[in-house]
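**Q** Letter by letter, the chains look like this.
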Amino acid sequence: MSKDNPTLIESATFPRHVIAEIQRAAKTGIYDIRGFGAKRAIPTFDDLVFLGASTSRYPLEGYREKCTTEVILGNRFAKKPIHLKTPITIAGMSFGSLSAQAKESLGRGATIAGTSTTTGDGGMTPEERGHSKTLVYQYLPSRYGMNPDDLRRADAIEIVLGQGAKPGGGGMLLGQKISPRVAQMRDLPEGIDQRSACRHPDWTGPDDLEIKIQELREITNWEKPIYVKVGATRVFYDVTLAVKAGADVVVVDGMQGGTAATQDVFIEHVGIPTLPAVRMAVEALQEMDMHRKVQLIVSGGIRSGADVAKALALGADAVAIGTAALIALGDQSPEFDEDYKAIGSAAGFWDDYQQGNDPAGITTQDPELAKRLDPKLGGRRLANYLNVLTLELQTLARACGKSHVHNLEPEDMVALTMEAAAMAGVPLAGTEWIPGKKGI
Amino acid sequence: MAIIDLNKSTIRELNEKLQSGSAGDKFIVNNTVGKHALSVGLTSEIDVEINGHVGYYCAGMNQEASIKINGNAGPGLAENMMSGEVRVTGNASQYAAATAHGGLLVIEGDASSRCGISMKGVNIVVGGNIGHMSAFMAQSGSLVVCGDAGDALGDSIYETKIYVRGKVKSLGTDCIEKEMKKEHKEELANLLKMAQMNYSVDEFRRYGSARKLYNFDIDQVGDY
Numbered sequence: 001m002s003k004d005n006p007t008l009i010e011s012a013t014f015p016r017h018v019i020a021e022i023q024r025a026a027k028t029g030i031y032d033i034r035g036f037g038a039k040r041a042i043p044t045f046d047d048l049v050f051l052g053a054s055t056s057r058y059p060l061e062g063y064r065e066k067c068t069t070e071v072i073l074g075n076r077f078a079k080k081p082i083h084l085k086t087p088i089t090i091a092g093m094s095f096g097s098l099s100a101q102a103k104e105s106l107g108r109g110a111t112i113a114g115t116s117t118t119t120g121d122g123g124m125t126p127e128e129r130g131h132s133k134t135l136v137y138q139y140l141p142s143r144y145g146m147n148p149d150d151l152r153r154a155d156a157i158e159i160v161l162g163q164g165a166k167p168g169g170g171g172m173l174l175g176q177k178i179s180p181r182v183a184q185m186r187d188l189p190e191g192i193d194q195r196s197a198c199r200h201p202d203w204t205g206p207d208d209l210e211i212k213i214q215e216l217r218e219i220t221n222w223e224k225p226i227y228v229k230v231g232a233t234r235v236f237y238d239v240t241l242a243v244k245a246g247a248d249v250v251v252v253d254g255m256q257g258g259t260a261a262t263q264d265v266f267i268e269h270v271g272i273p274t275l276p277a278v279r280m281a282v283e284a285l286q287e288m289d290m291h292r293k294v295q296l297i298v299s300g301g302i303r304s305g306a307d308v309a310k311a312l313a314l315g316a317d318a319v320a321i322g323t324a325a326l327i328a329l330g331d332q333s334p335e336f337d338e339d340y341k342a343i344g345s346a347a348g349f350w351d352d353y354q355q356g357n358d359p360a361g362i363t364t365q366d367p368e369l370a371k372r373l374d375p376k377l378g379g380r381r382l383a384n385y386l387n388v389l390t391l392e393l394q395t396l397a398r399a400c401g402k403s404h405v406h407n408l409e410p411e412d413m414v415a416l417t418m419e420a421a422a423m424a425g426v427p428l429a430g431t432e433w434i435p436g437k438k439g440i
Numbered sequence: 441m442a443i444i445d446l447n448k449s450t451i452r453e454l455n456e457k458l459q460s461g462s463a464g465d466k467f468i469v470n471n472t473v474g475k476h477a478l479s480v481g482l483t484s485e486i487d488v489e490i491n492g493h494v495g496y497y498c499a500g501m502n503q504e505a506s507i508k509i510n511g512n513a514g515p516g517l518a519e520n521m522m523s524g525e526v527r528v529t530g531n532a533s534q535y536a537a538a539t540a541h542g543g544l545l546v547i548e549g550d551a552s553s554r555c556g557i558s559m560k561g562v563n564i565v566v567g568g569n570i571g572h573m574s575a576f577m578a579q580s581g582s583l584v585v586c587g588d589a590g591d592a593l594g595d596s597i598y599e600t601k602i603y604v605r606g607k608v609k610s611l612g613t614d615c616i617e618k619e620m621k622k623e624h625k626e627e628l629a630n631l632l633k634m635a636q637m638n639y640s641v642d643e644f645r646r647y648g649s650a651r652k653l654y655n656f657d658i659d660q661v662g663d664y
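Chains as they are written, first to last, in the working numbering: chain R, 1 to 440; chain L, 441 to 664.
It is worth saying that the hints were derived from the structure and are not from the lab.
Possibly wrong hints are sitting among the right ones.
Below, simulated BS3-like cross-link-like pairs (lysine-lysine); rule was C-alpha separation at most 30 Å, straight line [to be verified]: (1) L/475 <-> R/80; (2) R/293 <-> L/475; (3) R/80 <-> R/293; (4) R/244 <-> L/448; (5) L/475 <-> L/448; (6) R/80 <-> L/448; (7) L/457 <-> R/80; (8) L/475 <-> R/79; (9) L/457 <-> R/244; (10) R/79 <-> R/293; (11) L/652 <-> L/625; (12) L/607 <-> L/652; (13) L/475 <-> R/244; (14) L/457 <-> R/79; (15) L/652 <-> R/27; (16) L/448 <-> R/79.
Which bits of chain R does chain L cover? Going by a derived footprint, with three or more residues having C-beta under 8 Å, they are [as the list claims (entries may be wrong)]: (17) 139-148; (18) 190-197; (19) 207-216.
Some chain L residues flagged as far from chain R (calculated, every beta-carbon gap over 12 Å) [to be verified]: (20) 444; (21) 463; (22) 470; (23) 550; (24) 606; (25) 609; (26) 610; (27) 624; (28) 626; (29) 638.
Computed from a predicted model, the values in this text were never measured in an experiment.
Note that beta-carbon positions come from the ideal geometry of N, C-alpha and C, so glycine has one too.
Isolated chain R, as found in the complex:
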């Protein structure tokens, strides 16, 4: 309904943004490409609440009684598992999609907070390695910048089979972001669109993956934890197969997970939300008696300590953040309002700068824009944010009477909607009903 004329009723099927997209497609002849993850409304962790301690359980005293947050990742087969102070890690984002300053900021912030950061497509930069105490090296289908020296320099290896924003899709780093340094690292000409392959070039299925993991372990002396990352789709089977193939850690990325640039139709219509993905992954691990033996990292739309606590309560060992980390560095800041307007966007909308003209100077290769981010300040902001998430997580865990955040459990929560109850596998608030559970 129009504010100015109440007799004008907007169509639910053809609202103005749908009409605008049809008109844009007709004018340009190309699908909409953008960064970020799914924007549509879907069931999230917001649809769950904790049942704090009361008569039957007692809580722990805030700031006085210990609620520990340390996590060990990769102790199934690796000689040198990862030890983190907080279960909140930084997800893989490439140098190329991000500036060198942004990558350095992520390393600095993660190191101050006692957690890990992750490389991305395009390889490892010295800035990133130098400023990251714990660095996970992504092993991706494109193998851009992939070299065994970096593999040995890493603290863990993450084999990427897919990501939540686009399970089943590769990537495209648009030519505008291919600076001389990015081109040199990827061994391709400057200024061309760089396809990141959608599947690995030297294997085709889970049996081959097992041999690939063996090769990577042999090359790195069985020291490094091997993670396997999947975009959330057939989560139960994917997690089962990754564990069978020998993964130390499984990373499951829900559809809210971000990307540097992909078709909007892909982001919004492929993959499932993080909420059911956690439960499905935990069920797979439990069925194999591998829960807590193979660690589970969950990502995709994690924003607050409440999200972290709920993911952990459903059975995850840790979470990873990407989009929220970039916001913490300074992305989407109203400080750059005029610049967002100049590119036809606005702070908070994550659009129209996938070609590298990010006003905040974070997702860019433009040297002038990149200067807007001071890596020390960015690192400090990220560390502050990670500390806030950890404090929020501890607050909720103590309220449930838990002395370690891993002691949170599904029984500590109920759902506010039937959808969330079914997806997360916890009862609808005020009932004992879990839709979809056999026998109920």
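Once you have looked at the hints, place chain L on chain R.
**A** Positioned in the frame of chain R, the structure of chain L alone reads:
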């Protein structure tokens, strides 16, 4: 000269010995029986001679070492090789030298499909034929084929140079025949010499990228 018998040693023991070898060391590996991940992650100028067939990813990520396989090789031979030389006297399965950044791979027999997929600077010389989709998304380096090439050669190729002596069943999207200039003949002659293949460069044709897919163009959409 050290002899390692895989009936008595584990793969871990083999790779540990080879990875800690010093320049000039020589190793012989026996009783491979198709085992996987043999001789991977080597970093120094050692000589390794492997007697028997090998499984997946033999010589993976090789740096500096010279590795000779007297037999056939499974998928992913010399994948992501950085430098050095790998030679197989028999045939190689799929994805030989996938994403390899440098060094020389010589396959004296035939190579299966996707040979040189996404290659990033390696040189590959195949004595026999190669399978379909070889040099798919190949970025740089050179692929020499002394026999015939299968379907969709060089599909979506970037800057890799392909030289084929025999027939090409079909070229992939954006791969075209290109003029054989003096510098190409010199490069090819050098590669054939290094690979110990005795053919005249005049018998070969050169293929490479038409560079029409380098930046997305809606009018090319039917090619994808």
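**Q** Hint by hint, which ones does the structure fall short of?
**A** No hint contradicted; all consistent.
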